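So in the working numbering the end of the sequence shown lands on 120, straight run, no missing numbers.
For the record, the hints were derived by calculation from the structure and aren't laboratory data.
Quick caveat: nothing in here was measured; it's all calculated off a predicted structure.
Heads up, some of the hints might be wrong.
As the list claims (entries may be wrong) - The following label-pair restraints were derived from C-beta to C-beta distances:
{"#": "1", "residue 1": "Glu23", "residue 2": "Leu90", "range": "33 to 43 Å"}
{"#": "2", "residue 1": "Arg48", "residue 2": "His89", "range": "35 to 45 Å"}
{"#": "3", "residue 1": "Lys21", "residue 2": "Thr46", "range": "12 to 22 Å"}
{"#": "4", "residue 1": "Arg48", "residue 2": "Ile88", "range": "31 to 41 Å"}
{"#": "5", "residue 1": "Thr63", "residue 2": "Ala24", "range": "30 to 40 Å"}
Stated by the list, open to error - Mimicking SDA-like on lysine to any residue, the simulated pairs with C-alpha atoms at most 20 Å apart in a straight line are:
{"#": "6", "residue 1": "Lys18", "residue 2": "Trp96"}
{"#": "7", "residue 1": "Lys21", "residue 2": "Asp40"}
{"#": "8", "residue 1": "Lys21", "residue 2": "Pro34"}
{"#": "9", "residue 1": "Lys21", "residue 2": "Glu37"}
{"#": "10", "residue 1": "Lys18", "residue 2": "Pro32"}
{"#": "11", "residue 1": "Lys18", "residue 2": "Asp75"}
{"#": "12", "residue 1": "Lys21", "residue 2": "Phe44"}
{"#": "13", "residue 1": "Lys18", "residue 2": "Pro60"}
{"#": "14", "residue 1": "Lys18", "residue 2": "Leu33"}
{"#": "15", "residue 1": "Lys21", "residue 2": "Arg48"}
{"#": "16", "residue 1": "Lys18", "residue 2": "Ile84"}
{"#": "17", "residue 1": "Lys21", "residue 2": "His35"}
{"#": "18", "residue 1": "Lys18", "residue 2": "Phe83"}
{"#": "19", "residue 1": "Lys21", "residue 2": "Tyr80"}
{"#": "20", "residue 1": "Lys18", "residue 2": "Asn50"}
{"#": "21", "residue 1": "Lys21", "residue 2": "Ala54"}
{"#": "22", "residue 1": "Lys18", "residue 2": "Arg36"}
{"#": "23", "residue 1": "Lys18", "residue 2": "Glu37"}
{"#": "24", "residue 1": "Lys18", "residue 2": "Met79"}
{"#": "25", "residue 1": "Lys21", "residue 2": "Asp31"}
{"#": "26", "residue 1": "Lys18", "residue 2": "Leu29"}
{"#": "27", "residue 1": "Lys21", "residue 2": "Pro97"}
{"#": "28", "residue 1": "Lys18", "residue 2": "Tyr80"}
{"#": "29", "residue 1": "Lys18", "residue 2": "Asp40"}
Ideal Cβ positions, reconstructed from N, Cα and C, are used throughout, including at glycine.
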Amino acid sequence: MAAKFAFFPPNPPSYKVVKDEATGLLLLDPLPHRENVDVLKFPTRRGNEIVAVYIRHPMATSTLLYSHGNATDIGQMYELFIELSIHLRVATQWPRPRSFSRAATPPISARWTSFLSN
Numbered sequence: 003m004a005a006k007f008a009f010f011p012p013n014p015p016s017y018k019v020v021k022d023e024a025t026g027l028l029l030l031d032p033l034p035h036r037e038n039v040d041v042l043k044f045p046t047r048r049g050n051e052i053v054a055v056y057i058r059h060p061m062a063t064s065t066l067l068y069s070h071g072n073a074t075d076i077g078q079m080y081e082l083f084i085e086l087s088i089h090l091r092v093a094t095q096w097p098r099p100r101s102f103s104r105a106a107t108p109p110i111s112a113r114w115t116s117f118l119s120n
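Can you make the complete structure from the sequences, with help from the hints?
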């Protein structure tokens with residue numbers, strides 16, 4: 003019961019994950035695409051997929067990892083994290099919980115694999 007009062011996710015979610023046929027990039031529709039933003043999907047051991055958003059900053063020396071569980075909607079937080087990256091001069095990354103996933107997914111991104119290995 004407490005969870006119902008603590009979190010009111012938009013229904014439907016404020017965005018959809020779509021694949022741009024021309025570039026092969028994953029995008030958050032209807033949010034604006036930015037060159038420094040990667041939308042990534044990666045599999046879990048249980049066969050689910052998690053969407054993550056990674057915002058690069060050219061001057062970043064660190065990455066802010068924001069883990070929100072089911073406490074927010076990526077579409078509603080998108081512009082906030084863009085601004086946070088700009089003003090703090092950090093890269094930001096945050097995963098979206100499986101419960102919000104609505105789309106079929108391509109294989110794991112090489113950029114995400116690279117990010118995890120560094």
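Taking the hints in turn, this is what the structure says about them:
1. Under the hint 33 to 43 Å, the C-beta atoms of Glu23 and Leu90, about 34 Å apart, fit the expected range.
2. Between Arg48 and His89 the beta carbons are some 37 Å apart, a value that agrees with the proposed interval 35 to 45 Å.
3. For the pair Lys21 and Thr46, the beta carbons lie near 20 Å from each other, so the given range of 12 to 22 Å is met.
4. Roughly 36 Å separates the CB atoms of Arg48 and Ile88, a value that falls within the hinted 31 to 41 Å.
5. Restraint check, Thr63 to Ala24: a C-beta distance of roughly 34 Å satisfies the suggested window 30 to 40 Å.
6. With a C-alpha separation of about 16 Å, the suggested pair Lys18 and Trp96 falls inside the 20 Å cut-off, and the hint holds.
7. Restraint check: the Cα-Cα separation between Lys21 and Asp40 comes to about 12 Å, which is no more than 20 Å; the hinted pair holds.
8. Restraint check for Lys21 and Pro34: the C-alpha separation of about 14 Å stays at or below 20 Å, so the hint holds.
9. At roughly 15 Å between alpha-carbon atoms, Lys21 and Glu37 fall within 20 Å of each other, so this suggested pair holds.
10. A distance of roughly 7 Å separates the Cα atoms of Lys18 and Pro32; the hinted pair therefore holds under the 20 Å criterion.
11. For the suggested pair Lys18 and Asp75, the alpha carbons sit about 11 Å apart, so the restraint of at most 20 Å is met.
12. Of the pairs offered as hints, the one joining Lys21 and Phe44 holds, with about 14 Å between alpha carbons and a cut-off of 20 Å not exceeded.
13. The suggested pairing of Lys18 with Pro60 is violated, with an alpha-carbon distance near 27 Å, which exceeds 20 Å.
14. The suggested pairing of Lys18 with Leu33 holds, with an alpha-carbon distance near 9 Å, which does not exceed 20 Å.
15. Using a Cα cut-off of 20 Å, the hinted pair Lys21 and Arg48 is violated, with the two alpha carbons roughly 23 Å apart.
16. A threshold of 20 Å between alpha carbons decides the hint, and for Lys18 with Ile84 the separation of about 18 Å falls inside it, so the pair holds.
17. Taking the CA atoms of Lys21 and His35, the gap is near 12 Å; set against the 20 Å cutoff, the hint holds.
18. Simply put, Lys18 and Phe83 have alpha-carbon atoms about 18 Å apart, close enough for the 20 Å limit, and the pair holds.
19. Among the hinted pairs, Lys21 with Tyr80 is consistent with the structure: their alpha-carbon atoms are about 18 Å apart, no more than 20 Å.
20. Our distance criterion of 20 Å between C-alpha atoms is met by Lys18 and Asn50, whose separation comes to about 17 Å.
21. For the hint pairing Lys21 with Ala54, the CA-to-CA distance comes to about 14 Å; that is within 20 Å, so the pair holds.
22. With a C-alpha separation of about 16 Å, the suggested pair Lys18 and Arg36 falls inside the 20 Å cut-off, and the hint holds.
23. Of the supplied pair hints, the one linking Lys18 and Glu37 holds, its CA atoms being roughly 18 Å apart against a limit of 20 Å.
24. For the proposed pair Lys18 and Met79, the alpha carbon gap of about 14 Å is at most 20 Å, so the pair holds.
25. For the proposed pair Lys21 and Asp31, the alpha carbon gap of about 10 Å is at most 20 Å, so the pair holds.
26. Pair hint Lys18 plus Leu29 holds up; C-alpha atoms about 8 Å apart against a cutoff of 20 Å.
27. At most 20 Å may separate the alpha-carbon atoms for a hinted pair to count; Lys21 and Pro97 meet this at roughly 18 Å.
28. Taken as a hint, the Lys18 and Tyr80 pair is honoured in the structure, with Cα atoms around 13 Å apart against an allowance of 20 Å.
29. Straight-line distance between C-alpha atoms of Lys18 and Asp40 comes to about 15 Å, which keeps the hinted pair within the 20 Å bound.
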